[in-house]
Structures are given as C-alpha cells and as structure tokens.
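Undergrad: Each chain, letter by letter, is given below.
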Amino acid sequence: MTTTDMPRPVDAGRGRAVSKKRPRRGAGSGGIRRAVSATTLLWLLACLYGLPVLWFVLSAFKPAGDLFSYPLTLVPHDPTLSGFKAAWESANFSQYFINTTIVCVITTILTVGASCCTGYALAKYDNRWLKVFFIGILATTMLPSEVMLAPEFLVVRDLGLYNSFAGIILPAVLTATGCFMFRQFFLTVPDELVEAARIDGARELAIFLRIMVPLSRPIMLTLAILSFQWRWNDYIWPLLMLNDPDKFTVQIGIQSIVGAQNINWSVLLGASVISMIPLIAIFLVFQRYVMGADINAGLKD
Amino acid sequence: MTKRAPDVSVSPPRRRSKYTLAPLVLISANVVLFALFFVWPAVIGLVYSFTNYTGVGAFQFIGLDNYQTLFGDSTFYDALSRTLLYTVLFVPLNFVFSLLIANVVVSKHAKGASVARVIFFIPWLLSPIVVGVLWRWLFGENFGLVNYIIHEFGGSAVPWQSNADLSLLVVVMAASWAWTGFSMLLFIAAIKNVPVSYYEAASLDGAGPWRQFISITLPSIAPTSFIVILLNTINAMKEYPVFVALNNGGPGTSNNLLVQYIYETGFKRGQIGYASAASFVLMIILMAVAIIQLIVNRRVENR
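Protein chains in written order, with numbering that gives the first Met the number 0: chain A, 0 to 300; chain B, 0 to 302.
Worth flagging that the hints you see were computed from the coordinates, not collected in a lab.
Small disclaimer: the values here were computed from a predicted structure and weren't measured.
Using N, Cα and C, we set each Cβ at its ideal position, and we do this for glycine too.
Where hints are given, some of them may not hold.
To be verified - Dumping the calculated EDC-like pairs for lysine to aspartate or glutamate here, alpha-carbon to alpha-carbon at most 16 Å:
(1) B:107 with B:199
(2) B:17 with A:203
(3) B:17 with A:245
(4) B:17 with A:125
Unchecked claim - Away from chain B, derived, C-beta distances all over 10 Å, residues of chain A:
(5) 96
(6) 104
(7) 228
Hey, can you work out the whole structure from these sequences and the hints?
TA: This is the structure we're talking about:
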C-alpha cells in the first residue's frame, strides 16, 4: 500500500488539449548528426541496463563447473539446462512455484474485483461515507505495510491466519492504486450512461455489473498484471506469515539459497531465472497494457 | 482531492445522495479489509509502542521508555543514518537516469526506441530478491564480472562486499537500476504532455536542445518530478529485500537499514513493543517527507 494519487489531478488535462503529439524538438536542425548521437546514447544506456540481465541469464546456462572458470565468457561454451533442473528439483522449488502461482492468482482476482467495485462507487456516487473512506484509502498510501509489520502480524495471527495462504492474500487485497485506477477510469465514463440505464429501470448493482464491469476490461487487465507482479515479487510479508516450508513462496526459496553457508550459484542462478519467466512472459504479451496505461494513477504497491 | 477530480470527467458529478445502499455495498469488501488490516494494526501498533509487549502473554504500559531506549540505541542511529544515506544517494541517481532515459526514448531522433524502452523496463519486473542476487553475481569480489573487467583493464579487485561503503553503493546502483523503468514511464507520460508549440516557439527563437530542456521540459514536468522524488524517497526508506539478497546488510551489520532493524528486533528478538516504537519513528519520517512534498508541489502548481 504505497501509492499516492498526486500525479493524476496534476497531469490530467495538462497540455493535453493543446496537442497529444510527441514533441518534435528542433526538427530539421542538424538532422543526421543528432539522429546518430541520440541513437548512440539510447543504445549505450540500453546496454547499461540490459547487459546485467543478459549476463545473469546466460550464466544460468553454464554448467556448474564453468561458472567461475577464467576467462569469463558471455556466451556459455556448451549451454546446459542442468542448473535449472537442479533448482527445480532441489528444496521443493517446484512446490514454491505452485504456491506462489496460487497466491498470486487468487490475490489478483480479489484485488481486481474489490478495486473495481470501490473505484466505481468513488467515481459515480456522492455521499459522506464515500468521502470518509476515500480519505482512509489515501491514508494507506502514506503508511506502507513495512511500517506496521509487527502489529499487522499480530492482527493476522489473532485472526487465526498465521501460516496460511489467506494470511498472505487478504491483507494484500485492498490497494489504493487499484481503487484509484478504477475511479479514474469511471470518472471518464459519461454519467448519462448511468442515467439512461436508470430511466430504463435498471437497478444500481445491475448497472454496475452489466454495463460498467464490461466497460472496464482494459483497466482490469492492467491492474491484474500489476497486482500479479507485486504479489509474485513479495518477500517480507510471506516470510513473516509462513512457517511451513511446504507453503513457502518462490522469493523465500531463492533467499534461502542465498542465505546458505555456501551459495550454490548454479542452483541459485537457475532458480532466479525460472522465477523471472512468468512475469517477463506476461509483460511481453500484455506490454501495451502496462506501458500504455495511465500508470500515473497506478503506482507501485 | 475529490474537488479537483472533475477535471477529467466528461460532465460534472451531480448530487446523487439518494443512493446510499448501492455504493456502500460496493465498497463493503474494501471497508472490511481496511478496518482489519489497516486501522486495527495502526491502533494496536501505537498502543504497543508504549508497552513492553513481546507478542505473547501479558504486557505493561511503560510510557515513553521504548522511545527513550530507541534514541539512546546506537544500532538504531546507525540503521537510521544508513537509511538516510541510502535515500540521499538513491533518489538523485534514479532521478537523473530515468529522466535522461525518458528524454532519449521520446526523442524522434533515436532509432529503436520502442525496443530499448522494453529493455529499460525489464529490471523493474524483477523481484527485489532477484535484483539482489543478480547484482551480487555481478559484483562478487572474487568471481564477479565487474571485478573481472577491472582486472582485465589492469586494475585490482575492488572489495565490493567487504567494504561497507562500497557495499552500500552497490545496493544504490542495483536499486536505481531496478527502479528506472518505472520512473521512466512517469517521465515519458509527462514529457509527451508538454505542448509541441512551446518547443516550436523556442526553436524559432534559436534555443538549442539543452536550452529547451532546461527552460521548457524541466519546468513543465515539475509535478511529475516531485511525484518521482516522493515515491522514490518512500521506497528507499523502506528498502529491505534488495539488501537482504545482495549482502544481507553486510559486511557484518554495517548496512542494516531501518526495516531490517524493525524486523530483527520485532521478530527475531520478540520485542514487539520496541519494534512498534521504531516503526512509528519511520512512519513520522515518511509522513514528514510526504507533507513537505505536498507543500512544495502545491507551491509549484500555483506558480
């Protein structure tokens, strides 16, 4: 819960009325030279950001014996999947993978559902309690869960959710980001649409379920991707909540390999790369929903 | 907040107070979660910070003792000052790089920007734990790629792990690298919203690209800049997983940060009351940051 919705009101409408086109700065002046220098700078930076991942992933394909053999080579001599196999089979990693998937999918579904309902109510209704709750949600953005680790742990324990997936899932469902994203979206839906449905005699919840929910599909997808990512990458909360190794998540599994006396780099690299796959795959498929999203409203949780 | 929202709505929201049940039903799930997992912990956290509660059994109210102990605890000060140092290094580094990259990515002169954008974004997808592992792998003292390259160029191995300051620096670089993609997206959106006519007018007046950046881009994206700084400050103050995976707050305990301190006292030593007090100090810092940012932001907006 670390969000703020500041950027939205600030950015909304800012300059948009004037033009949506990219700024074409200094068009024509010194054309080719600028193109070359801009492209060079861009790709130098891209290498700076891309090479660490490339080196890491390619290293994972090296046989364990080659990991530290000098001279270091970027591309493995004889690539092997043995590191991945060892990681997958060792220390219940496949179980962790399944656990994390279950947690992420359930949390994501609940987050999207709850945020959609709340966002719609905040956008299309007007009463005192909604205003109070809106301020409450804003407050959650100021207090990240890290600040309340100990008391939150006690609450979840006292609810009898310690060492259960529910203990990880439920506290994560309410996200300010999600509510704000949906609120923002529903504000752009004309009120006339709701009025027309009311005149036709539709009941309030039916309007929401039949008209508004289908309209908000793109936002749902965006939030689903973000939510899945947050939960997949969570570390500290599952670490506190889970006691039973059979319930561990991938991140705890990886950290336990790092924490071992002697790091087994072959297994660690394999496990880390495997853990990256779902997110990268989802991102590459649904790229435009993340990159194009009005992510100003939806900040990291 | 609510007041300013109508900017974006097509028609101004009308009073519809006759509908009470439907909105309350819609928000009910989140209200329950809010009460259970936000209000309740916040309240008992504040209460426990004045007690010697250990997580089980009875406890006594001990007034401000926890806070007094906290301010006499050199470990706490070390964690606090390390956290502040980390924040002060991380936030500007992230800011400069993400702004630079955002500008290059939107530049019409740069070829392949859409592919490069994905490359910049991928580190943000990785979990902080994997980011830590990855940079540990790069900056290993005896085996890492970076020391190997330094060696190839005739340098001697740099103690990335055993020198406390260098080890903090590696975390700063790692976290900045990982967060660039996100800040970049915010900057790209802001830069694209700057009216083209501004640049055209500046070109006619003979302003070069640097001049245009300073006089047009930077002031126009000021609100976004503040958000980026605010979010990154908050994120830096509560950083933990990258440290854990990269060097576990090492060497020794020299880079234990606040959240790690809270975790260790609260959960490893069972001093829930004391950890709650430390949490509230962190909370006060975060709220101060947020309030300062809000004030500055408002001032910039009204200018």
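Undergrad: Hint by hint, work out which the structure violates, then give me just those numbers in ascending order.
TA: Numbers 3, 7 - these are the hints that the structure violates, sorted from lowest upward.
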